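Participant: Listed below, chain by chain, are the residues.
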Amino acid sequence: MTRNMTLAAICVAGLAAPAAAQTELSLWYHGAGSANAEEALVNQLVEEFNASQSDWQVVIETFPQLAYNDAVGAAALAGELPDILDVDGPVMPNWAWAGYMQPLGIDEATLEDYLPGTIGRWNGEVYSVGLWDAAVAMTTRRSTLEAYGIRVPTLDAPWTGDEFTEALMTIRDSGDFEYPLDLGMAWRGEWYPYAFSPLLQSFGGDIIDRSTYQSAEGVLNGDAAIAFGEWWQMLFQENLAPGTSQDAADRDAGLLNGTYAISWNGNWAALPVVEAFGDDALFLPAPDFGNGSVIGGASWQFGVSATSENPDGARAFIEFALQDRWFSAFSDGTGLIPPTASAAADTANYAAGGALEVFYGLSEAQALVRPVTPGYIVQALIFENALADIANGADVLDALDAAVDEIGADIEANDGYGH
Amino acid sequence: MAAVSHDNRGLRLAARYAALILVAIIFIFPLLFMAMSSLKPDQQLLNDTNSLRAFLPVGDISFQNYWDAFDRAPIGVFVLNSVLITGATVLLTLFVCSLAAFSFVFLDWKGKEVIFSILLATLIIPYETIFIPLLLMASQLPWIGTEGLEIGWLNTYRVQIIPFIADGLSIFLFVQYFRDLPRELIEASRVEGASWWMIYRKVVMPLSGPVIATAAILKFLFMYNQYLWPLMVVQEEAIRPVMVGLGYFTDQLNVPWGEVMAYLTVITVPVLAFYLSLQRVFIASVASTGVKG
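From first to last, the protein sequence lines are chains A and B.
Here the first sequence is numbered in numbering that gives the first Met the number 0, starting from 0 and rising by one per residue.
Here the second sequence is numbered in numbering that gives the first Met the number 0, starting from 0 and rising by one per residue.
Extracted from the complex, chain B is given alone in its bound form (with noise of 0.2 Å):
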């Protein structure tokens, strides 16, 4: 009997291993594809999507499709861009939307129900649909710069960060989790004479890594894959970001496959490593708010 029941739990084991690896495999096979077909001759790499080769490096393999993407665009520069962009984004987001949060969360001021609710109404609305409108007040903005005041903040990097510092789904996020914190360590730290700040600053952030990592993983992924919006307000080449460094790989007609291909394995890597960096924080705050749903 004790022989039956190690071996049903040994078969379950076995089970979902098989069903584990087979969910690693679906999602690593995007990114396998994309590294192998980096690597092989656009014609190579055709032939190849028809059969598991696509996913081996196999054939005429050489790191051609890298040279030939660097000669054709700045990825340097672009990739630059886009972690300065996006990293300067996450920082200031995480600030500016776990402020806000805890003033919704712990301080008393008037009306703040309704303003948390047009918030949280904001979240429906698709940033494209607000571009337009964007676009003219971005173009009719005043900043005073290093020559003085200026108007208009198209071709810059602030407005490719400013407008997307402050969002409804991260101040969500943060007050969800704020609201879960325990009001007596609040009540004790008012007690003993510590500001609003200094709580903020000591008790609450101190506790809320698995929302800053979540918050910061979202953001880093919406700023990081950011198209339209710098297509419209960057036209210098030395300010814009990866995803319209993409474009530099397609016209009308022909797509060279495979420095495509190494162009999306270069801008990758910025993504995997911050992923990496924050994946036990994240999946705590997935795991916590598994639990609590």
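Pulled out of the complex, with its shape left as it was, chain A reads as follows (with noise of 0.2 Å):
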């Protein structure tokens, strides 16, 4: 009896062997309905991931992105969160802050030629590193600035801050497009962080004191941050550029349907102005508006949760995960930079020639990251609000004043964010 019994165990134990071979890692992923290539590259990424080696088995939830980051609180409220997290790059610090997260422990080295924005690093350690990274540009044509006698700017030779004010007030006395300029006003939310902060960077303000992180005074309501305040709202008093009750529709297409000249638009609205203008199609760097032309950097990311008990595990699916042929293959599935020259070498739109090249070029040129703090996550609310009620009307000294006194006052609720 007890030999049979013994038999019986070892079978079920060999049966049960090759299911018990592979540790489950589970990742989050917030692309859930997302219309492109992405969610399939990364149900790619994973099943090939699966398939090279018999250690980990990574199981992949994908959840709405507007939910995605309160779906991760929650979770780590519960103690239920997974191994390996899907992040966005300025969201990171927070995560970090706030333990969600651990150190990524990959060798660095490995991460060199790397663009910036596709390093998440909080105190000095990195913790999430991305497949790609987003570029935004002035988006127009080149017969419509020929046509108006405006100089076509270059990386090197950007527009200066007041002609590319100029050239708006020329375009709009045309009368030939109901505006000059498209700032997608439409797009709430991180756009406004992400697409003017860099504005703002660049007449020499910022939405925090970078050198402590303590404080946004001076920075956000200094001479330089009133100076980009009142230009910002001179765009929307002078008519060139539609505000705030912007249709999404026209941030859409207003630049495809001539309604605009000029959108301040992302890479990944790209082709689509390519496809329709072809050679006529420009993509121009930031105007440098006295301290240099900046873009903002950083996308989503991966990294591994505090609480994950596999943390090897979780760092050899992301060690997968970076290589140029993925970052190629993301790039021409999604349109998205890839992270290292060697992959856009590789790639349909950011090989030289390419369609798209010019972008790689202001991502590595342009690119800062947007202020590495947990506060971020606040303050980019508050940014936003401000700058929707500058572009209103309000008074811009009391918009920002009243914007610094609320980050101030959050850091100081956060005990400083633990800078």
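Don't read these hints as lab results, they were simulated from the structure.
Quick partial rundown of chain A residues pointing at chain B, CB under 7 Å, derived from the structure: (1) 31; (2) 66; (3) 70; (4) 73; (5) 79; (6) 248.
From the derived model, a few chain B residues whose C-beta atoms are all more than 10 Å from chain A: (7) 11; (8) 75; (9) 79; (10) 105; (11) 175; (12) 184.
Predicted model only: the values in this text are computed from it and were never measured.
We put the beta carbon where it would ideally sit given N, CA and C, even for glycine.
Two chains, each in its own frame: build the complex with the hints.
Facilitator: Listed below in structure tokens is the structure:
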């Protein structure tokens, strides 16, 4: 009887062995419902990783993007975080500070050639790495600039602030367009700090004093910030750009259908412009308002949760993903910028002569990551509201002072956010 | 004189119908806008919002948004989940809350006034304020399932159902209604030797159609519209309800409005069906409440 039971136990163990060989790793991804190739590529990445080795089995769970951060916060509270987290670059410091994530622990030498926006650092350690980055540009047509005698700017010689404003006024005065500039005011949310804080930084201001991350005093309401705020308000008062009531449909199609002459937009929206205008399409650097041309950096990245019981497995998955072939595949599928030059060379759009090659240069030369602080998620919201208020006619100094006070109160309430 | 009176009555009737039609239009137009928009491409949909065309099936009409919406998200799964979660919660709520109300109204037990007052006080506490402690509790609660004892209710149907079964509003509605039932009926039943369970089942509940309909509709709407709680406690796509599914149609920058309208149209069908099936008793309940008031 005992011998039979032993044999049965051995048989059961033998049958169970293949299933137990791979340890399960959970991965949460933010792109449920995204109607592009990104979700399919993430699934393909997981499948290939699972098939490539016998130790780990990654199981993916997808979330709608707008609900993702809240779901992660709730899971952290309940102690139910997955092993591998998908995290938006500017949010990462908050999650690291809150104890949701642990340092990635991969050899930083392997990241030397990466675009700066694709590496998530907090307190001197790498917590996350992205398989792509994004960039914004002044998108227009060469024929439009030539028609009004406006110089085509370059990376080395971008438009100055005055030159840019004069160009907008020239186009406005022609009456050929409803507005000369489309800033994308219809896109509320992270677009505002991502797209517009670089303009403030080019004036010499910022959302927060990056030397201490303890206050916005002097940087968000100093002379440079006030100059930016006044210029910003002038854009709407002088009918140079549509304001916060802009129609989302116009944002999407306004450049293509001739409503706007120039559109401040991301590389994810660039391919339809190339298809529509061909060689006439231009993707230009941000104007230099005195402190250099600046654009925002950092997109979604992968990291390891603080509660993962298998950080080695999570790390192995991320290292598997950090290959040029994946960077190229994601770039070809989504139109986003690959993190390395070698991967870019293998893509359809970012290789030499590719339709979007210019964006790699923009990202490499001008990208500045958003403030690397856990408080950014609050500061971004405050900044967004201040810009909307100013665009709607609020007193510039009052709006900026109020934003500074609000940011300061939040930092104080969170004991300085660990800086 | 008689002719004038007849004319006045006719005018009054016409004015009344005109007012009712206006009110009906106000209530129907959002639904009409949603359904019509679900048949149009995004650009046309947005352009039409400036005119009455928004409420008409004109222009480039097709079901493409529906196909695209079903491609984008497992809508059938979400609708089934919501119907299951909502249906189970409504049934259990009607049973548990009516029993509790029966106890408050017909049984004598010590401290019931105090307990009822505390119950009423819970009406002023928004659910959202207790979600965090509720989440922590739910993550630690035991459950005996097919695989034996488990700890934690997250990622299950039960965590979306059980916390919402008993609620102060439903109990209050039943209590108010039961108080107006003729006491003689209950006393006669007791004299005839009926047990309390039999009185609840055979006397009280058959007379409570209007309040059952009211409580059911209110609970149905609350449960069907749940967003924050399932977002916090459910990570698996297979058990997500419809409102969380709405997030599949928006990202940071772009919203496919036609698909959103198609999705909303699909998920509105169960709500309308449920409401229409109980409409008669619900109106009777509201009307009788008005008379009492």
